[in-house]
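Undergrad: Sequence:
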Amino acid sequence: MRLEKKHFTAEKEIWIKIQNDVYNNLVAQGKEINQKIILDHSKEYASRIWIDKQWTLLNNEAKGQKIYFRPVISNIVANVEEFSYDLSWYVIDDLNFIKMDLTPSELKYDFENNFSEVSKAFIEHTFKNYKFRVDKDTNVSVGDVIEVEITSVKTKKSSKTMLEVNENSENPIIRWAIGKNKGAEDILKDNNSDLKIKILNITEFVTKELNEETLPLLNKYGIYSLKEAEEQILNVIRTENLNAVMFAYGKKLLDLIMQKNKDVSFPMELLEFEASSSRYDNLRENKDALYKKINIDLWNYFWDMFIRIKCNFDISKQEVEETIQFAHRFWAKLENQNKLNITAIHNVLICQKLGLFYLKKVDPNFYKKNKKLFYFDNYK
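For the sequence shown, the UniProt record's numbering gives the first residue as 1, with consecutive numbering after it.
Just so you know, these hints were derived from the structure itself, not from any lab. Careful, some of the hints might be misleading.
[To be verified] DEER-style ranges, computed between Cβ atoms: (1) Thr9 <-> Lys63: 36 to 44 Å; (2) Arg175 <-> Lys136: 28 to 36 Å; (3) Lys160 <-> Phe122: 29 to 37 Å; (4) Lys292 <-> Asp255: 19 to 27 Å; (5) Asn114 <-> Met258: 43 to 51 Å; (6) Ser84 <-> Asn235: 20 to 28 Å; (7) Gly30 <-> Leu271: 37 to 45 Å; (8) Ala248 <-> Lys317: 22 to 30 Å; (9) Ile123 <-> Tyr224: 35 to 43 Å.
All values reported here derive from a predicted model rather than from experimental measurement. Where a beta carbon is used, it is the ideal one built from N, C-alpha and C, also for glycine.
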């Protein structure tokens, strides 16, 4: 592991544009404005942009052979005319010190018995107690699922996500949304950043028997017959069952690999380097908690990157979003939906893909027979 450092000077035109954008955003929000405030906001915004840009560049140049840790910015010189700074980062060039050899007994897994088929009785029960997703325009209520658009006021970047409305949710977006109508929008604060939230769609779940009379409620999903509905239910249930099997298998293998490498540690220089990042400002007064959190973050990031590199796969933002959409399938409502978040989805995908990587080697016949059910096998 070694440290790299590089000095950067921003192009004057870009730096001035950033200051103008910040000024316009502050005016739009009705905030107090002076030159120092504009400069402070611009410096914070520009730092985040160029850290992310350099980190992306480093990871692209690594070509799956190195692990780069997030750069830290220092020695910032910022005035109206100039923005210059240093970026430093740690890199691991050689990953061969990690033990990844798994024995046949460790790789063994009874896929067939763990992947249970769907019984006829279960299908009949599902038809009698079908949870239809019905769109509505008013009064977001507990139990509904909402689609929201989240836009950063600073960067103008937008994303869409689905959220289930839980009564005791700690999510400020969900708390704000209750009682609102489709199209409602507002500005919410998140870690000192302003986010524009807009409700795009509201869906409630209505339990009815699935029969010829209620079948039209599924037409918008391309289902026009009870036979098609049964096939869709079977496909979704089998897919969920198989995804659960792959997660369990991948989690088992990941735990084994990590156990074989439990002596892996990070040098104090890296911990102190990370501690200088503004990301940990809220823990700075508690040194034990600070270094514990940094160690956990580094450990998770290292294994995340290592597994991706060694198994030659990646996890895209699109894939995470599609996985969330899969979790919100029209035929059922999730339990413990408040626990569903981007980090959890990401970790599940890592385990599933690790399991799939070894499944293809250990039991290719099982993989071939069920290939169409691995929705996460469409990505690299």
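Undergrad: Now look at each hint and say whether the structure bears it out.
TA: Results for each hint:
no. : hint                          : result
1   : Thr9 <-> Lys63: 36 to 44 Å    : violated, 28 Å
2   : Arg175 <-> Lys136: 28 to 36 Å : violated, 20 Å
3   : Lys160 <-> Phe122: 29 to 37 Å : holds, 33 Å
4   : Lys292 <-> Asp255: 19 to 27 Å : holds, 21 Å
5   : Asn114 <-> Met258: 43 to 51 Å : violated, 22 Å
6   : Ser84 <-> Asn235: 20 to 28 Å  : violated, 56 Å
7   : Gly30 <-> Leu271: 37 to 45 Å  : holds, 42 Å
8   : Ala248 <-> Lys317: 22 to 30 Å : holds, 26 Å
9   : Ile123 <-> Tyr224: 35 to 43 Å : violated, 18 Å
The structure shown violates the earlier hints numbered 1, 2, 5, 6 and 9.
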